[in-house]
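2 protein chains.
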Amino acid sequence: MSNRKRIAIVGVGLIGGSMALQLHEKKLSAKLIGVEANQEHAEQALEYELVDEFLPLEEAIAAAEVIVLAIPVNKMVSLLPQVLDRVTDQIVFDMGSTKAALIEAVKEHPKRGRYVATHPMWGTEYSGPKAAQRGAFEGKAVILCNTHESDPDALDWIKKMYEKIGMRLVEMEAKAHDLHVAYVSHISHITSFALANTVLEKEKVESAIFEIASAGFESTVRLAKSNPEMWVPIFLQNKENVIDVLTEHIDQLTKFKESIQSNDSKGLQALIDDANKIKRIIK
Amino acid sequence: MSNRKRIAIVGVGLIGGSMALQLHEKKLSAKLIGVEANQEHAEQALEYELVDEFLPLEEAIAAAEVIVLAIPVNKMVSLLPQVLDRVTDQIVFDMGSTKAALIEAVKEHPKRGRYVATHPMWGTEYSGPKAAQRGAFEGKAVILCNTHESDPDALDWIKKMYEKIGMRLVEMEAKAHDLHVAYVSHISHITSFALANTVLEKEKVESAIFEIASAGFESTVRLAKSNPEMWVPIFLQNKENVIDVLTEHIDQLTKFKESIQSNDSKGLQALIDDANKIKRIIK
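Going down the list, the protein sequences come from chains A and B.
Just so you know, we're using our numbering here: the first sequence kicks off at 1 and counts up by one.
Just so you know, we're using our numbering here: the second sequence kicks off at 1 and counts up by one.
To be clear, the hints were calculated from the coordinates, so they are not data collected in a lab.
Among the hints, a few may not be true.
[As the list claims (entries may be wrong)] For lysine-lysine, the following DSS-like pairs were computed, each having C-alpha atoms within a straight-line distance of at most 27 Å:
no., chain 1, residue 1, chain 2, residue 2
1, B, Lys175, A, Lys204
2, A, Lys239, B, Lys266
3, A, Lys5, A, Lys140
4, B, Lys31, B, Lys111
5, A, Lys204, B, Lys277
6, A, Lys257, B, Lys204
7, A, Lys257, B, Lys75
When you get a sec, could you build the whole thing from the sequences and use the hints?
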């Protein structure tokens, strides 16, 4: 890991920008080259010194030893094959929230080995380069998918890079990844969006309803501020798993509703006793 | 507010214990007398010096100038009339999460005027005297209900007391209160309990599912650690409002499900754009 590398970051927003800060901070980068379709974001990223310069995609790929993709997952699926078309021996990795469709899209690509599929389990409800944070990703899990399809040298560099950032490596097949994240990430965003809509609808007739909102409400609703450009493609790409978890979650809510409707205090107690077992996971 | 008062706290748990700390800290109490059915909690409360002594309820009422009720709302409904039976000119207030049933229970009581119905909008997912916090309630809203039914001197002392603690006073009729809290507090707890159960059910077949859970998941699920002894009676006492908000919330989740199922990215974008309006409320 002694050699710093020239690294191109495609998409310098919350995730790409936070990654840029870490790559610089951990002395992993010799140079950071941004690629950004959004001109305002590019200007902000330079102002915050997230990257050294911006280049068009082709020039950035040619100038870099490592290429990071941190763009919405629908754009990733079309862009990754094009990036691989242009690489020689560079390492390419993505930081997206879904994995099966992306890995499928490059399955037969002659440069498949240069690509490592990754998903660091960190984010916030904010977006854009302004939202980039120092020290992001540290102490969190990063999932590496279908590592047997990557070249050993590329995989080796990616693993050491994430370890240097302070992440815990978890290996998983893409399908298992997409199922797991539906349950511990995607559903949390949907419940939060839906809860915001539930209360905002009520506000139309009860205008002072938020006046008394407390920390508990804020905690369950904060993810509702998340960016649709990022989340719509995630839900659609992970459609089957997301529908499954949503169906199960609606069933669980219906159990609460039925217990309350029938004044079944013992049933309600049992449902909450079950839910309290989350204490084993969340301290 | 120069005179400190002898104050009895019935129920020295998370809420009663945190109130005891504030009453002492803000120099509102001359003496703090605890009343506690749970012997272990009483011992812990003395160990943490939350109150000066414990007395049986009748003796505590006789010895106090102010009586605070901080017990589950089902117990409150049966206890409040009994407490009012024994007061002469003491001030009685409760800190419960539902108000209509409680106020109805003492509507015709000859000592109704001595009682002030209050609900400070603060709590955590923990319970018992160990969970009591210094500085609790500060900067939050406290709802006072049906204040026209309380004697002016009692209401006046309660208002000054909450102001001294640093709370923002909001007056509301009991029915409006119960509707509002269903939307900004009770539903958050139900979604959190149901989300915990959804993922804990999945864990039975996917044992490593929590290994990759991140801060977003934790935020939406932390209220699922809340105590059933407190929450079962709240949901049942506020049944009609809770059923209404649950029905609406399930409808909102179903909209997400249908948009995803039909690959309706514009519909999904519109739902998330709506939810993003919560930024106006939650900074």
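Checked hints:
Only pairs whose Cα atoms come within 27 Å are accepted, and Lys175 of chain B paired with Lys204 of chain A is accepted, the gap being roughly 18 Å. Simply put, Lys239 of chain A and Lys266 of chain B have alpha-carbon atoms about 15 Å apart, close enough for the 27 Å limit, and the pair holds. Proximity of Lys5 of chain A to Lys140 of chain A is assessed by CA-CA distance (about 24 Å); at most 27 Å being required, the pair is judged to hold. As the CA atoms of Lys31 of chain B and Lys111 of chain B are separated by approximately 24 Å, the hinted pair is consistent with the 27 Å bound.
About 13 Å separates the Cα atoms of Lys204 of chain A and Lys277 of chain B, which keeps this hinted pair within 27 Å; it holds. Between Lys257 of chain A and Lys204 of chain B, the direct Cα distance comes to roughly 24 Å. Compliance with the 27 Å bound is thereby established for this hinted pair. Among the hinted pairs, Lys257 of chain A with Lys75 of chain B is consistent with the structure: their alpha-carbon atoms are about 23 Å apart, no more than 27 Å.
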